[in-house]
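Participant: Given chain A, work out where chain B should sit, using these hints.
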Amino acid sequence: MADPTQSRTTSNSSKTAIWNDPTFRSIAYQVIAVAFLVWFFYFIFDNTLTNRAKSGVTTGFGFLDETAGFGILMSLIDYNETNTYGRTFLVGLMNTLLVSVMGIIAATIIGFILGVARLSHNWLVSKLATVYVETLRNIPLLLQIIFWYKILREYLPGPRQSIHLVQDSVLLNGRGLYLPQPVPESGFGIVIAAFVIAVVVSVAIVRWAHKRQEATGQQFPSFLVSFGLIVFAPLLVFYAAGAPMSFSYPALKGFNVQNGLRLLPELTALWWALTMYTAAFIAEIVRAGIQGVSHGQSEAAHALGLRNGPTLRLVVIPQAMRIIIPPLTSQYLNLAKNSSLATAIGYPDLVSVFMGTTLNQTGQAVEIVAMTMAVYLSMSLSISAFMNWFNTKMALVER
Amino acid sequence: MSDFKALPDLAPPASTTGFVGWLRTNLFSSPLNSVVTLIVLYVMYLTFVPMFDWAIFSAVFSTDNNAVCKDEAVGACWAFIGDRLNLFTYGSYPAEQIWRLNICFALLTLSFGPQFFEAFPYKRSLGIFSLTVFPVVSFILIKGGMMGLEEVPTDRWGGLALTLIIAYVGIVAALPVGIVLALGRRSHMPVIRTFCIVFIELWRGVPLISVLFMSSVMLPLFMPEGTNFDKLLRALIGITMFQSAYMAEVIRGGLQAIPRGQYEAAKALGLSYWKSMRLIIMPQALKLVIPGIVNTFIALFKDTTLVLIIGLLDILATVEAQIQDPSWGKVNVEGHIFVAFCFWVFCFGMSRYSQKLERKLHTGHKR
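Chains as they are written, first to last, in the working numbering: chain A, 1 to 399; chain B, 1001 to 1367.
Please note that a few of the clues may not be correct.
Claimed, not checked - Examples of chain A residues toward chain B, derived with CB under 8 Å:
1. S26
2. H121
3. L124
4. L128
5. P140
Unchecked claim - Here are the simulated lysine to any residue pairs, SDA-like style, with alpha carbons at most 20 Å apart:
6. B:K1330 x A:T16
7. B:K1143 x B:T1194
8. B:K1330 x A:R153
9. A:K150 x B:Y1263
10. A:K150 x B:W1078
11. B:K1356 x A:R153
12. A:K127 x B:K1360
13. B:K1070 x B:D1083
14. B:K1070 x A:L156
15. B:K1267 x A:T16
16. A:K393 x A:E284
17. A:K54 x B:F1222
18. B:K1330 x A:G56
19. A:K150 x B:V1035
20. B:K1070 x A:K54
21. A:K127 x B:M1051
22. A:K150 x B:I1323
23. A:K127 x B:N1026
24. A:K127 x B:V1035
25. A:K127 x A:E284
26. A:K54 x B:W1078
27. B:K1360 x B:F1116
28. B:K1070 x A:P157
29. B:K1330 x B:K1143
30. B:K1123 x B:I1098
31. B:K1287 x B:Q1115
Think of the hints as simulated: they come from the structure by calculation, not from any bench. Idealized CB from N, CA, C, for every residue including glycine.
So that you can see chain A by itself, here it is in the shape it has in the complex (with noise of 0.2 Å):
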């Protein structure tokens, strides 16, 4: 680090007037920036005070337990008026992990689809690659959400004409998009069961698989086993214990669609629009990465005599994760950010409940800003140690 403020002090520094000498400068400077943070903290501090005392609004985290009262359009756990406003906390909190969860999936697949697309040999495909890339890309995401909700809420038919999708099993219409629930019956837990344990049997064959090439250099398919293994144990007992699990399909019943998983059509929008959005992004991240692999790497493996299949799973490939990872880490957090914007749409999100609709109702606003912010702060300090972690572990080792 060069700071050119760095004192070295000399031992004849009696000679130096004493505002001339860096290390009392230094000091001298730290102290005033001390007293200037400490004078405006205590002046905001003083004045919110004064300003909840006017406004009758008592100080503190105790309205967390008050009822809160108001409803909230959809909940992954239970909830209801007579529920607290910490419920409520809850309540945007797991909404608000649910659409990024499923944004992040989604983005995911796709922009690596539109990554690997864009590099395509084939021109009408890189093209049209391209040109989604750099529509949604520069596009402001609200407006994207807002216009996909228009879109489900205004064009969209009502329940009756519904548009039905793969053999009637989707439906789609303005309150939502409806999926086929499965409904797990007893006896599902044992595919669980199998399930876990050819994940377990999986690992340890592919440590053991490593060991010995390591030692021996024999080589054992052993990703094709543990896949085998991971897919198709699970399907074996499933149907051995006599297919434990059925559908609900959703079925049009009276005026409404009954049955089935409903997707609002607020969720709808919010992921879709998160989704395009974010796999333009990740698509960029995916060519740099691919294209960030030097063409040497590649021929070098052929030159060894590996073929396009290993050259590509490990050559190419664990090269191009160790440049992907980082940024990509960077735009799940800022999905999971922009999920905030669900607050547009009436998506009861954290933002939207927590800091919308009980802010308003309790004018807590210091406590609920805070608490807001710690969640985003929490998730995105924790995103950027792994990160730390992740660089660290895949850093070149060089000499």
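Facilitator: Just chain B, lined up with the frame of chain A:
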């Protein structure tokens, strides 16, 4: 003895040149590729044909009679956009004062247009003008209340003009704050460094919408009684805080790229800290990070739409309000496409500009 005479070159096979050759290498290079091409072409036929029909062939571009647009058979109703264009551009700014906004638009174009031309000689002074003189002049022109100009309260500001104002103030105010924060983050004084790190990471860790909420509900609480903050000013403070944290990180990247020898040489010349920063380090670092600054500006520009949530009438909010008008039928899609197009033109233009700069500044060292 007969002289050696080369036979004339044969023409390359017809299937590898010209249009056919291009098709064969780019679209039909293998059976799989051919199948993909055909499928994509079919899907494009299914989607783009109705889209073009809606947007162009059966669209209404101008009309005296709104009712035409209510007809289901008619495509896009661009006449609606044309009818409200003034509102979308200037918001509810008083009609007889619009010339003031127009002057600002013209100044903006004049100060940034020449930056795109390689040969223009006064780029640097123009840049300084657009960061210092231009904001002041524009503020006086837009706000009024002095120099004989009639005052226009901020709640009359709106439309595209407001979007540009917010984005511009965001960038101009965030730049100096960002520079100070970036320097502070690299300082050797622990108190200053810690403060800067906390400040930067705090703002970067939270979504802009929560910052806007905070500035709109908490700023009035923080100030002594009777201080009355303008709604726009509150939003601007929030955006500036948020933006300066991102700016600081971009500038820090530039500072880190300056070799140590530059700092040492500046010290050896006897320059003080601020002098060495001003004369040696910053000119080099800022030049390096111009593309990064443009990229953060693009992000900020898109994010200005969020002010809609705290009730400011930027271009998106204005359009949202206008498309409710039932006399035009459903003009939802048209309105949104118009806003999307406005943003797209600005953002795409700026991103192209930043890519060009990146290539220009990337002298050597490229493997």
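Participant: Now, for every hint given, state plainly whether the structure supports it.
Facilitator: Status of the hints after comparison with the structure:
1. The beta carbon of A:S26 is positioned within 8 Å of a beta carbon in chain B (closest approach about 5 Å), and the interface hint is therefore held.
2. A cut of 8 Å between beta carbons decides the hint on A:H121: the least distance to chain B is about 6 Å, and the hint holds.
3. For A:L124, the interface hint holds, since its Cβ comes within 8 Å of a Cβ in chain B; the closest pair sits about 5 Å apart.
4. This hint holds: A:L128 has a C-beta 7 Å from the nearest C-beta of chain B, less than the 8 Å allowed.
5. Given hint, A:P140 at the interface with chain B, holds; its Cβ is 4 Å from that chain's nearest Cβ, closer than 8 Å.
6. For the hint linking B:K1330 to A:T16, the alpha-carbon distance of about 78 Å lies beyond 20 Å, and the restraint is violated.
7. In summary, the hint linking B:K1143 to B:T1194 is not supported, as the alpha carbons are separated by about 39 Å, beyond the 20 Å threshold.
8. Distance hint between B:K1330 and A:R153 is fulfilled; the C-alpha atoms sit about 12 Å from each other, no more than 20 Å.
9. Simply put, A:K150 and B:Y1263 have alpha-carbon atoms about 56 Å apart, too far for the 20 Å limit, and the pair is violated.
10. With a C-alpha separation of about 18 Å, the suggested pair A:K150 and B:W1078 falls inside the 20 Å cut-off, and the hint holds.
11. A hinted pair counts as satisfied when its Cα atoms are at most 20 Å apart, and B:K1356 with A:R153 does not qualify at roughly 42 Å.
12. Restraint check for A:K127 and B:K1360: not satisfied, since their Cα atoms lie roughly 25 Å apart, outside the 20 Å limit.
13. A C-alpha spacing of about 16 Å is found between B:K1070 and B:D1083, which places the hinted pair at or below 20 Å, so the restraint holds.
14. A distance of roughly 17 Å separates the Cα atoms of B:K1070 and A:L156; the hinted pair therefore holds under the 20 Å criterion.
15. At most 20 Å may separate the alpha-carbon atoms for a hinted pair to count; B:K1267 and A:T16 meet this at roughly 18 Å.
16. For the suggested pair A:K393 and A:E284, the alpha carbons sit about 24 Å apart, so the restraint of at most 20 Å is broken.
17. For a cut-off of 20 Å, the pair hint linking A:K54 to B:F1222 stands: about 13 Å separates their Cα positions.
18. With a C-alpha separation of about 46 Å, the suggested pair B:K1330 and A:G56 falls outside the 20 Å cut-off, and the hint is violated.
19. Note on A:K150 and B:V1035: the hinted pairing is violated, with a Cα-Cα distance of about 36 Å set against a maximum of 20 Å.
20. A hinted pair counts as satisfied when its Cα atoms are at most 20 Å apart, and B:K1070 with A:K54 does not qualify at roughly 53 Å.
21. For the given pair, A:K127 sits about 18 Å from B:M1051 by alpha-carbon distance, which is consistent with the 20 Å threshold.
22. Restraint check for A:K150 and B:I1323: satisfied, since their Cα atoms lie roughly 11 Å apart, inside the 20 Å limit.
23. The suggested pairing of A:K127 with B:N1026 holds, with an alpha-carbon distance near 11 Å, which does not exceed 20 Å.
24. A threshold of 20 Å between alpha carbons decides the hint, and for A:K127 with B:V1035 the separation of about 17 Å falls inside it, so the pair holds.
25. A threshold of 20 Å between alpha carbons decides the hint, and for A:K127 with A:E284 the separation of about 13 Å falls inside it, so the pair holds.
26. For the suggested pair A:K54 and B:W1078, the alpha carbons sit about 52 Å apart, so the restraint of at most 20 Å is broken.
27. With a CA separation close to 12 Å, the supplied pair B:K1360 and B:F1116 stays within the 20 Å bound.
28. In summary, the hint linking B:K1070 to A:P157 is supported, as the alpha carbons are separated by about 18 Å, within the 20 Å threshold.
29. Restraint check for B:K1330 and B:K1143: not satisfied, since their Cα atoms lie roughly 36 Å apart, outside the 20 Å limit.
30. For the hint linking B:K1123 to B:I1098, the alpha-carbon distance of about 29 Å lies beyond 20 Å, and the restraint is violated.
31. Of the pairs offered as hints, the one joining B:K1287 and B:Q1115 holds, with about 14 Å between alpha carbons and a cut-off of 20 Å not exceeded.
In the structure shown, a violation is registered for the earlier hints numbered 6, 7, 9, 11, 12, 16, 18, 19, 20, 26, 29 and 30, in ascending order.
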